[in-house]
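Protein chains: 8
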Amino acid sequence: MNREEIRQLLENYKNGYISIESATDQLSELPFTDLGFAMIDNHRELRTGYPEVIYCEGKTVEQVKSIMEAMIKKNTNVLATRVSKEMYEVVKDLHPNLEYNQLGRVITIKVKPVTMTESYIAIVAAGTSDLPVVEEARETALILGNRVEVITDVGVAGVHRLFAKLDIIRRSKVIIVVAGMEGALASIIGGLVSQPIIAVPTSVGYGANLNGISTLLSMLNSCANGVSVVNIDNGFGAAYNASLINHL
Amino acid sequence: MNREEIRQLLENYKNGYISIESATDQLSELPFTDLGFAMIDNHRELRTGYPEVIYCEGKTVEQVKSIMEAMIKKNTNVLATRVSKEMYEVVKDLHPNLEYNQLGRVITIKVKPVTMTESYIAIVAAGTSDLPVVEEARETALILGNRVEVITDVGVAGVHRLFAKLDIIRRSKVIIVVAGMEGALASIIGGLVSQPIIAVPTSVGYGANLNGISTLLSMLNSCANGVSVVNIDNGFGAAYNASLINHL
Amino acid sequence: MNREEIRQLLENYKNGYISIESATDQLSELPFTDLGFAMIDNHRELRTGYPEVIYCEGKTVEQVKSIMEAMIKKNTNVLATRVSKEMYEVVKDLHPNLEYNQLGRVITIKVKPVTMTESYIAIVAAGTSDLPVVEEARETALILGNRVEVITDVGVAGVHRLFAKLDIIRRSKVIIVVAGMEGALASIIGGLVSQPIIAVPTSVGYGANLNGISTLLSMLNSCANGVSVVNIDNGFGAAYNASLINHL
Amino acid sequence: MNREEIRQLLENYKNGYISIESATDQLSELPFTDLGFAMIDNHRELRTGYPEVIYCEGKTVEQVKSIMEAMIKKNTNVLATRVSKEMYEVVKDLHPNLEYNQLGRVITIKVKPVTMTESYIAIVAAGTSDLPVVEEARETALILGNRVEVITDVGVAGVHRLFAKLDIIRRSKVIIVVAGMEGALASIIGGLVSQPIIAVPTSVGYGANLNGISTLLSMLNSCANGVSVVNIDNGFGAAYNASLINHL
Amino acid sequence: MNREEIRQLLENYKNGYISIESATDQLSELPFTDLGFAMIDNHRELRTGYPEVIYCEGKTVEQVKSIMEAMIKKNTNVLATRVSKEMYEVVKDLHPNLEYNQLGRVITIKVKPVTMTESYIAIVAAGTSDLPVVEEARETALILGNRVEVITDVGVAGVHRLFAKLDIIRRSKVIIVVAGMEGALASIIGGLVSQPIIAVPTSVGYGANLNGISTLLSMLNSCANGVSVVNIDNGFGAAYNASLINHL
Amino acid sequence: MNREEIRQLLENYKNGYISIESATDQLSELPFTDLGFAMIDNHRELRTGYPEVIYCEGKTVEQVKSIMEAMIKKNTNVLATRVSKEMYEVVKDLHPNLEYNQLGRVITIKVKPVTMTESYIAIVAAGTSDLPVVEEARETALILGNRVEVITDVGVAGVHRLFAKLDIIRRSKVIIVVAGMEGALASIIGGLVSQPIIAVPTSVGYGANLNGISTLLSMLNSCANGVSVVNIDNGFGAAYNASLINHL
Amino acid sequence: MNREEIRQLLENYKNGYISIESATDQLSELPFTDLGFAMIDNHRELRTGYPEVIYCEGKTVEQVKSIMEAMIKKNTNVLATRVSKEMYEVVKDLHPNLEYNQLGRVITIKVKPVTMTESYIAIVAAGTSDLPVVEEARETALILGNRVEVITDVGVAGVHRLFAKLDIIRRSKVIIVVAGMEGALASIIGGLVSQPIIAVPTSVGYGANLNGISTLLSMLNSCANGVSVVNIDNGFGAAYNASLINHL
Amino acid sequence: MNREEIRQLLENYKNGYISIESATDQLSELPFTDLGFAMIDNHRELRTGYPEVIYCEGKTVEQVKSIMEAMIKKNTNVLATRVSKEMYEVVKDLHPNLEYNQLGRVITIKVKPVTMTESYIAIVAAGTSDLPVVEEARETALILGNRVEVITDVGVAGVHRLFAKLDIIRRSKVIIVVAGMEGALASIIGGLVSQPIIAVPTSVGYGANLNGISTLLSMLNSCANGVSVVNIDNGFGAAYNASLINHL
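Residue numbers (the numbering used here), protein chains in the order written: chain A, 1 to 248; chain B, 1 to 248; chain C, 1 to 248; chain D, 1 to 248; chain E, 1 to 248; chain F, 1 to 248; chain G, 1 to 248; chain H, 1 to 248.
Okay, chain A solo, but in the shape it has when bound:
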């Protein structure tokens, strides 16, 4: 509520168009309204078809179930990440559109249609072991209304495979690179394209990989420009970020 609207409200109240109760209510919430951007953002998000997101790690099945029920009741599309098989078994009958991507450990419930972008996000992965993170990113991107192209198994140990797919990568609007081990794929692609790249280090590796820390450090030190990084195995975060960019 801006200054002009406040002035208007005051006059409306003085003129008796609105009661003192109503005026007090609205003005009491002013701070909240001025602070309440996130809430307004939520509204905007709901309007634009963005679903709420449920991060299930560390939540009980009961908590997850009741959040889903509330969202379905509010006619909101649902995206739930890090969903175990056991959790899925409990909630699977909540809605006929509920779908479980077991590899990506993601549940989506489309209670209303999603408008898809013209442009697409390219999700490029180094190896088959990175697929769970790819799937989490892909499901996230889809329910956020993005077209997606997935290119996998193009790790730098056989870089010609990457070159064969370069066209499809280059036609994207934004690129997610998913890789474990030394994470060199982000740098290679960074040297070959001019789109923004969101790199997701995965915990694929062993020993000195340090559960993905090594990959994370590698990506942060990329000598290629245009690469930014999210947390290890954070397919959701990369896709959310890419979706923001893809919707620009």
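Since the hints were derived computationally from the structure, they do not count as laboratory data. Here the structure is a predicted model, which means the values were calculated and not measured. All C-beta atoms, glycine included, are put in the ideal place defined by N, C-alpha and C. Possibly wrong hints are sitting among the right ones.
As the list claims (entries may be wrong) - Not everything, but these chain F residues come out facing chain G in the computed CB check (under 8 Å): (1) Lys173; (2) Pro196; (3) Ile198; (4) Asn221; (5) Val230.
Place chains B, C, D, E, F, G and H on chain A using the hints.
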């Protein structure tokens, strides 16, 4: 060179329009042409006014000077980062447009005009100690043709200062958040806006800050969506990335 | 026993009011009495209703059981932390007042009433995954005789939720902030209040969170004043500390 | 401004006691007023004699000087930490009351008197090398209006020295423990007293001390209750925190 | 396809020996051919009897099984590492020559004979706990066509055992040293021989061993010349590397 | 074999007292004899009643069993550490004197008597959770022929308990200090005694304890003299070391 | 003062042999006497010729100078470690016997003779770069009254040099091993001797040596028995420890 | 000296061809001869033209100078690494053939000719900042008698530059890859060639590069086969290793 062009070349050769030498030359370079994206990208970059970038850390003054001279000769705008005062003294007379931002340790040489974007990048910094990184980001963004709005000293220790500036942040197309210490600013802003955020951890702090590692980890673990991260103190990288997004 | 008391004792002995055995006994324990502050503190603690605390991690069920039995026999209130479900099953019939907080993994046995403070401790938590630590802190604070107000799910990703609860936070005497991930909540609150804050990093997060180390570092680097930190997931320690302050 | 005050303002406006301009002004600032706690806190702080604090590391001499001048003009007491000798030389004539504690690297300017507490903060330090941190804490505590007792050189390698000083430690309201190396002093004292302890790890040590990280970890793992920790060498933070507690 | 071959193709096309379609096809793939070294390398590898390698960690049994089936169909020798007992049970009947080394967690399928080198690789291990890594290395070396000599239990705690075996070590062409704990064996041998040494740190140890990181660091800091290092527990990598050297 | 013995052997051979075969044999083994100290040490150890030690972690039950059988056959006392309950069940009938200390996870088999020292090793532990390490140390010390005094639960959180036991600690010849968490006990005792102290950090703790790394660092940084450190949880190593000192 | 002595004192007082003042005095100091071990230890140390030790890092020249003067006045031998050349220049004329070991950065002042042990400490170092630590250890051992044998440059890269010196090492009573890089020397010697070994990791190395952390970890993980470890570059601590053992 | 030689010596002695003194001497040194491999290796090395290597870091100018003089006197080629400019100034006149590579900080003195290999070592570097390490490797390789080809500035940010140089890389016998930042070059090349690769991480980078640790970890986790790693900035070690392989 695509399939159709190859077919055309073959026919041109058969028809005698080009010699076998010329055909062999062009085709010999096919791989290079197919590989040579980066070079083509360079051309495109030059065309779009993107300057070459010289990272001066670990280069001698002589090396930097001769690279600058070559670029000026090629009529290319110059962006040089991590330029010490001493280095500046040696190169300052290379071109009348050469400018040195001492705080940001950046040299720019605009040998030709840069077209600026309508939309702008918001660079938001927590404190005055983060200003060197802000300046590196700002100079980078500017020479890459981006309008920039800088908002500083809005760290979370006095979060009302941030709210007072929220409008200008929200009207940007993409946001760079520069912060040291616990780096909470990235998360706060991430909860308040719907633009992509590129977070730059700075090495501002002491003790358990671990030269910015603590800030870096904090930003990677942001509970807010839409935040991706670049290396510590990497103002250039953040601005390059933001410029890619701002030009979409 | 101060100098004057010793002199008195000597005279009492010389005058035959106390036997040499009794004098020797008391004086033999002088060092112990002078050193034995902790013991005296224990007495004082028991007097002031402070319970003994049993940290159960790494203790056998039998050890825990016999400590509890001994404490009940001494008419002492019992606080046991990190109690597994299995351990609870074994000890649950020790006393009719025994209660198990499964989420917080805490057993309390109030064998005698606890006097509660006027002022209260605010326990503020970022998300639902932090609740086990919140519960450990809450149970600890309660049995140490503190009124408690718990505010949860006010993480910085939707900071307006925090502002809506600020009043209740500000009326407390001391604040415990429980957060995982980037732990920014401690800094935000630190910038908004003037009470001492005890921050508890939780191991909620993944990847670069490093089991809470990232959160811990973030809180130690808080740019807000008035924040001190305890070990990761140490809800008990935070509440014990807060209780000391709340009783001042 | 609470709900009742808003209602009152509305009625005042309707009754013509205040103009629409004035009502709009006040209500426009409602959010700000509701948000503007920090500012209000600042007012309160100024009222209560709390000085602004200037952290000088990473600020230029000019920046520090102009902040000090502004504060003196506002009749505010000044506390500046991490002040180098060079910086002091530049600002030393700003005010006749300006004092420089070279060991603690602290400048204080008392432009108006500070009311001191009855109760005192005990600052206990392990060794002489910890004195710079002790001095930073002491100066901070003093200008924040706290009586202070400093006990040094009571490290655990000769624990009888500590016992000789225990009385003075125990009569304090809150204790700051400053120690490097293995930081055992915090645990020892924690086992001997019932006050809240704020532990400051110092970077005193070498090799496996890791510039204080080892001490920090040690203090976070203290087996004694009632110990919370601030950043390495953060004497200011400990004293600020202790002052909050000492003023309860 | 080199320059001469391109010229030849052009003439063949002009002379009508090959159609424009065929010429276009071949030339379209030139980049790929020029880039496609890895593929050509694969061909060479197949020619030289080098098997494909399947790293089974993070692959499903089904994925592993179908890769093996494809390789058997292509008449390729199979080497699969990190094969669990469960995985083996599923694939064990794929081929009569399939063999499972349970200690080394390796499956090999020799569908065609392997030519062995004259020279041999010495695999030297410190203790019996290092045997799984030794076995992975040994199986890898064997199927890559290398003679192998294994010397175990010659750790530095009883260095005379090493000296008794020095002859056999010295007659090798390249040496793999497998050790955990402090990894001193690599340095000792490095000081006694003049062959290249590939050191494999193992995760054998506890506490400050940090799952092999300590051993890894130790080997990287070897004061002996001629020692290079691979990842922790990476018996395969060491043997692959040694095989490259042994085949020179 | 020293120079004089070689000269003697040569003369014996020349004089025909020994054959050329015998002389060659003995001289061929000279290097081995000169190198073979460890073996000679073994002999000496066996002579002095020192048992072989079997570290069972990472060994199969079968390996352990056959080593034990061989040692019993050689009439050697057996010490096996890190023995799981399962392993014990398999080997328990190997010898009537076989004893299993379940808490310490140690098996001892005294096939011949051990001569005990006059002086004793004091094993001092901070808490009950450190008992497994204490027991490993105690069993090791005993079978190596040392008298042992164990003092537990004297952690610094109640330091008067330590003082009550100081006499028994001070009468020892060498002290083993076992502690987790902040490990301050080593420093406290180091300041109170003049014996050599071997500190064993334990992995008792959580969060920032980092599985004992924090304790290890703390002990390495002890401000008290006379403290040396062994690996985390290495009760065996500490006792072996203490035994060497106690036998001086 | 034990129980019997207290009883005696009481009777002496009653019998009038001592005044009530004297009795009160003695008994007042009982706690102190019971606590005052460290002080008593100091006396004992002075009696046995053990000098006070001044760790000069982080002390000012003035502080060091006045401590030395006080010690000389008390007729105490002086050992000062980590003494810079500049510090030496200031104090060099304090006493005619003052000697400065520049390499070891140690000052010793023998104001009275030191009785030397029969047995000796062997200080064994890997390379010439370890000599500063060797010298600190040697000077410490000497002034504490120990005979010393120094063997240097016997690193494992040429292990035969070590074997040539083994006799002199084996005849010692206790061994200090000083090594940087991978620190293997401690393990090698540990496998060859039966004396206690105190290992000193040095910060000699680069890159992955991590300023000696790598060496420290290596030594803590030694597969040889009888090795305990002190802090990085802590030659003093190793020698102090060895002296305690050598005097047993 | 093998068994047959010993027998021969015995007979020679018996037959009076050699004196008992001579026989005793030779046999006394047997162990040394059998142990003295390193020494024999040294001889062999000198014979094969391998120079002694002087690592100058942590050595004084005087030490370096006298080692060089001794080597020149022994007619040995000299390789000295990590030589500062100051050190060079002192020793530069020791020999007319002394040459200083300032970038690589290497001194070589060829007092006798070096035989060069037919095959060559390829040294491939990512960027110009890696050149000091390249030069150290190149000088080492040259004086060890290897032909060398250096390819620089082929980092992955412009991977087409690498492809243009692939031929020369592929014709080498062994490859050294020198890279900082994310070190991806090692993996890329590893996927393109079939030679053994020795990767040298450099400390080129900042922030999360952690002085090369990030690069080191990246290279250890390379998904390409055939890559082994040496310490950060260890150009000498890589070249020494490569020379061993190149001479096979």
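Q: With a cut-off of 8 Å on the beta carbons, see whether Lys173/F makes it to chain G.
A: The hint holds - Lys173/F has a Cβ within 8 Å of chain G, the shortest such distance being about 7 Å.
Q) Any CB of chain G closer than 8 Å to the CB of Asn221/F? A) holds, 6 Å
Q: With chain G as the partner, please determine if Ile198/F meets the hint condition of a C-beta pair closer than 8 Å.
A: Since chain G brings a Cβ to about 6 Å from Ile198/F, closer than 8 Å, the hint holds.
Q.
Tell me if the interface restraint on Val230/F is satisfied: Cβ within less than 8 Å of some Cβ in chain G.
A. Constraint on Val230/F satisfied, holds at 5 Å.
Q: May I ask you to test the interface hint for Pro196/F with respect to chain G, counting a Cβ-Cβ separation under 8 Å as satisfied?
A: holds, 4 Å
In terms of the numbered hints stated before, the structure departs from none.
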